[in-house]
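Undergrad: Full structure from sequences and hints, please.
There are 2 protein chains.
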Amino acid sequence: MRHFYVKSTIGKTCGDFNLNDTAGGAGRLDIIARSINSALWLSHSLRRDVNFHTILFGEPNPPIYIEIVGDKVRKVQPDERNITIFIKKAIERFNEGRFTQTTPGIYSGRRTFDEMIEKHKDCDFYLLSEGGADISDVGISDNAFFILGDKEDLTAEEIAVCEKYGAKKVSLGKVPYLSSHCIGFLNVYLDRATEKKSVD
Amino acid sequence: MRHFYVKSTIGKTCGDFNLNDTAGGAGRLDIIARSINSALWLSHSLRRDVNFHTILFGEPNPPIYIEIVGDKVRKVQPDERNITIFIKKAIERFNEGRFTQTTPGIYSGRRTFDEMIEKHKDCDFYLLSEGGADISDVGISDNAFFILGDKEDLTAEEIAVCEKYGAKKVSLGKVPYLSSHCIGFLNVYLDRATEKKSVD
Chain P
48 MRHFYVKSTI GKTCGDFNLN DTAGGAGRLD IIARSINSAL WLSHSLRRDV
98 NFHTILFGEP NPPIYIEIVG DKVRKVQPDE RNITIFIKKA IERFNEGRFT
148 QTTPGIYSGR RTFDEMIEKH KDCDFYLLSE GGADISDVGI SDNAFFILGD
198 KEDLTAEEIA VCEKYGAKKV SLGKVPYLSS HCIGFLNVYL DRATEKKSVD
Chain G
48 MRHFYVKSTI GKTCGDFNLN DTAGGAGRLD IIARSINSAL WLSHSLRRDV
98 NFHTILFGEP NPPIYIEIVG DKVRKVQPDE RNITIFIKKA IERFNEGRFT
148 QTTPGIYSGR RTFDEMIEKH KDCDFYLLSE GGADISDVGI SDNAFFILGD
198 KEDLTAEEIA VCEKYGAKKV SLGKVPYLSS HCIGFLNVYL DRATEKKSVD
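One line per chain: the protein sequences are P and G, in this order. If you want the numbering used here, it's the 1-based position in the first sequence plus 47. If you want the numbering used here, it's the 1-based position in the second sequence plus 47.
You can't tell identical chains apart in this list, so a pair holds if it fits in one copy or across any two.
The list that follows gives simulated cross-link-like pairs (lysine-lysine, DSS-like), each with its CA atoms no further than 25 Å apart:
hint : residue 1 : residue 2
1    : K119      : K198
2    : K168      : K215
3    : K216      : K244
4    : K122      : K198
5    : K119      : K221
Bear in mind the hints are in silico, worked out from the structure with no lab data behind them. Being a predicted model, the structure only gives us computed values, none of them experimental.
TA: Given below as structure tokens:
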């Protein structure tokens, strides 16, 4: 399995936003939608071995955790608007008391960053960080959980949680990329590493 | 300079489509919008050394060629909807008789695939192709012009034009990726190769 988490610093936690304004009133949910596209889509299929995670920290009801299970997700199209429709449903159908499947393969619930990490403690964590070791110098496990910020970096507290769970800091180079581009690169980079390994 | 061309097999050549339906009525212009995002955006800036090209072959008035010059483009936001607003303007302000700057850094005009390639004959062409040589075995020049299909491959005639101009066929691996993901990977891959070269 491969996991990607992208923090949503200001993602709205009430579904009353306009789908025509996801970069504005929805609290930059466009970043999350593009990250989901990069994490899950192939040319004519979805990556069934990838799960995507986000936590929305925007008003009025944070934090809302959303998980997308690549093996179970259905009917979502790759365009930002369509992906955002499903994020909106995950917010609207959020249930305070119960982790809920809001549409096939998409879940929402109340979960903090610490709780999400604890839940996946069997994974190997990698924190994308400009000051980290170059990806080519880091062995990436087959059960990787990548952690990324959005427009904002993680907080010091969140980084401390990552460190507590042994996260390795990795960098893709000196250029600062969009989160979605980092994810897209990582997917192809790891596919290529796997292909190479199977040839060697 | 780095150039990316993505063919738009059914992209509408009249701006009467609904921005809420770019994956449907607009003829998969969502693919082009995502490709533009991948080609041009960095985290807090645009790639000023990248130009993006597409030709819309959809009804009712094909072909319409659109060029986006990274060094001159202004005011465009990275979300699909905003990018599509600018593509729509490039279509609406298309002028049969004159290559036209429709908004800052974005141009449209009547140009065939052959004419576009001829216009850039000083570039080194690379045709993304599953049967091509692996990217790691191909030296990519500093004046690369990458050619990609969308949901459809190029036609035999278009491939013949590429061959006539010396295009090398390159592959990113055995997995079939979305055009936008290929572009995103190539940008980071080439940045990394440049960084490595400057260190060596």
